[in-house]
Amino acid sequence: MPTLHDCIGLIAATKASAINIESAYVLRTRIKRSLLGASQLAAEYAGVVGPLMPEDIERLRSEDPISAEILGICVSLLSKTRSLCQPSEALDSRWHSGWESVCYDLDILEQALLSTETIRTIDGEPENKSA
Amino acid sequence: MKRDRVILLYGSYARGDADDVSDVDVLVIGPVKPIDSEIAELLPASYRGVLHTSHYTWEEFAAMSKYGSLFLHHIATESKTIRYEGDAHRRLWDLLSDLPPYRLAKRDLSAFRVTVNDVHAGLGVGLPPCFELAVLGGVARHASVLGCYVMGRPTYGRKSIARAADLLHLSEVHKDLELAHRFRLYEEGQCDAPSEVSLSAVNRTVDILSIFLDRLEEVIYANAA
Chain G
1 MPTLHDCIGL IAATKASAIN IESAYVLRTR IKRSLLGASQ LAAEYAGVVG PLMPEDIERL
61 RSEDPISAEI LGICVSLLSK TRSLCQPSEA LDSRWHSGWE SVCYDLDILE QALLSTETIR
121 TIDGEPENKS A
Chain X
132 MKRDRVILLY GSYARGDADD VSDVDVLVIG PVKPIDSEIA ELLPASYRGV LHTSHYTWEE
192 FAAMSKYGSL FLHHIATESK TIRYEGDAHR RLWDLLSDLP PYRLAKRDLS AFRVTVNDVH
252 AGLGVGLPPC FELAVLGGVA RHASVLGCYV MGRPTYGRKS IARAADLLHL SEVHKDLELA
312 HRFRLYEEGQ CDAPSEVSLS AVNRTVDILS IFLDRLEEVI YANAA
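Residue numbers (my numbering), protein chains in the order written: chain G, 1 to 131; chain X, 132 to 356.
Simulated from the structure, these hints should not be mistaken for laboratory data. The structure presented is a predicted model; accordingly, all values stated were derived computationally and were not measured. There may be inaccurate statements among the hints.
Unchecked claim - Keeping only pairs whose Cα atoms sit at most 25 Å apart, straight-line, the calculated SDA-like set for lysine to any residue is:
#1 X:Lys164 - X:Trp224
#2 X:Lys197 - G:Ser97
#3 X:Lys237 - G:Trp99
Chain X on its own, in the form it takes in the complex:
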């Protein structure tokens, strides 16, 4: 029990659609998180992206499974086991095989709206527009993953933005949201700065994302009815 630990690869490298800005997403479940160099040794040398390791204890993972964590749905759909010790593999799939539907969509939507509104506060005190655009890019990605899920078309990669925009009949805005997400990747050190950012570009993205969230809210509340 004590030594049960599983190391999983998920995201673009697990799906097989990694590109030059993809990070290497690794999840560790177990009592102790290994150091990154230990994980890197388990990965093929051809994996060149920035290593992002998430770590959860079994207790945390079990708690997430109870509310049908969207992240756990992601893991259940497209992860690959890199290594496991003890009884970890069985414990993992016991938790993943019977996940309830995700039920925190309304709460997430509310958090997305607050975060989008906060961007005005950041710009108002003179924080860099590129940071605020990265914030919007993060929300765009998370809202898109949620949107694809609630509309019955789970998509977890960067393509989720285009897919969600299409499903919400907003396909004309997906390029703006993808550009914002590119700044999120820049923030995380996965690519160079995509371009100069103006205040008007950030404000335009706020407007687009607000419409996106309005449409998503309609879907979420219609599903709940």
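So that you can see chain G by itself, here it is in the shape it has in the complex:
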């Protein structure tokens, strides 16, 4: 299970690969990895079973508002990724026009993930709220 630090690292790796926007193929998988890590962390935070695959994220439900926010961002990003990168072929022209929006959502996801750490610290439960 990825830690918060791992998840931030996965997002950073995704953004780093976008320096060369022709790496749409690499980006697609890195985004999926970021979303899977973030949603697993959110699931752990909410005390529910995490997803095994990115496509499972849409089926996750959480009553915890922060986890629900993270999962919502993940679902939105997953949908954008599908549209930007067709199943058949990474389409660079769409990344050129759509990357800004994806990058913005990744920033929001990062902030939402970091907010779990803040709340855990306030709660005095830095490792696992659900434990």
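Using the hints provided, position chain X relative to the given structure of chain G.
Only chain X this time, still in chain G's reference frame:
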């Protein structure tokens, strides 16, 4: 012009070799993508697979034709028109009939290698091995399609993995790569989880796929020389 739209069937249902894990691949070219239920109504009821619809505008499709998109070679080889409106059919074949050879093979190869190497990062932070195996399965399929193309034997279905492995004199590894691809199908909801996955199985697939990509690189660079 504005209403030109064509809806095409491609993949296993177009080839006629669909099985119980096949998805229904549909391509829409036109200004607006129709909703899936509208497309489903155009398909025979016997098509039971998950519907996957790709949509491109004419501008995007024309841009892809300029670099000889491998996907467009696929469409030119084995697609069937389901419906067209306006002048779409003529526009489609104007773009497909004179496709240049695909020329981004080196770039694709580089992306495949980065994606395979990334699997270690995913495993390192504890992401599920089944996801990482699905990633490898996707690369195996895409690299195989590319390999078959550059070796002059275009093959676009799942059989491309066995065909490419054979052409690269690696026929002993095709079952491992096909198993990995099965996890890709699982990821996309086309089949149940094939089996439990161990870390060692994923690492073994990384090694196999790296050798596969090494052989493919030799072919690509030999062709370019």
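Violated hints, by number in ascending order, as checked against the structure: none
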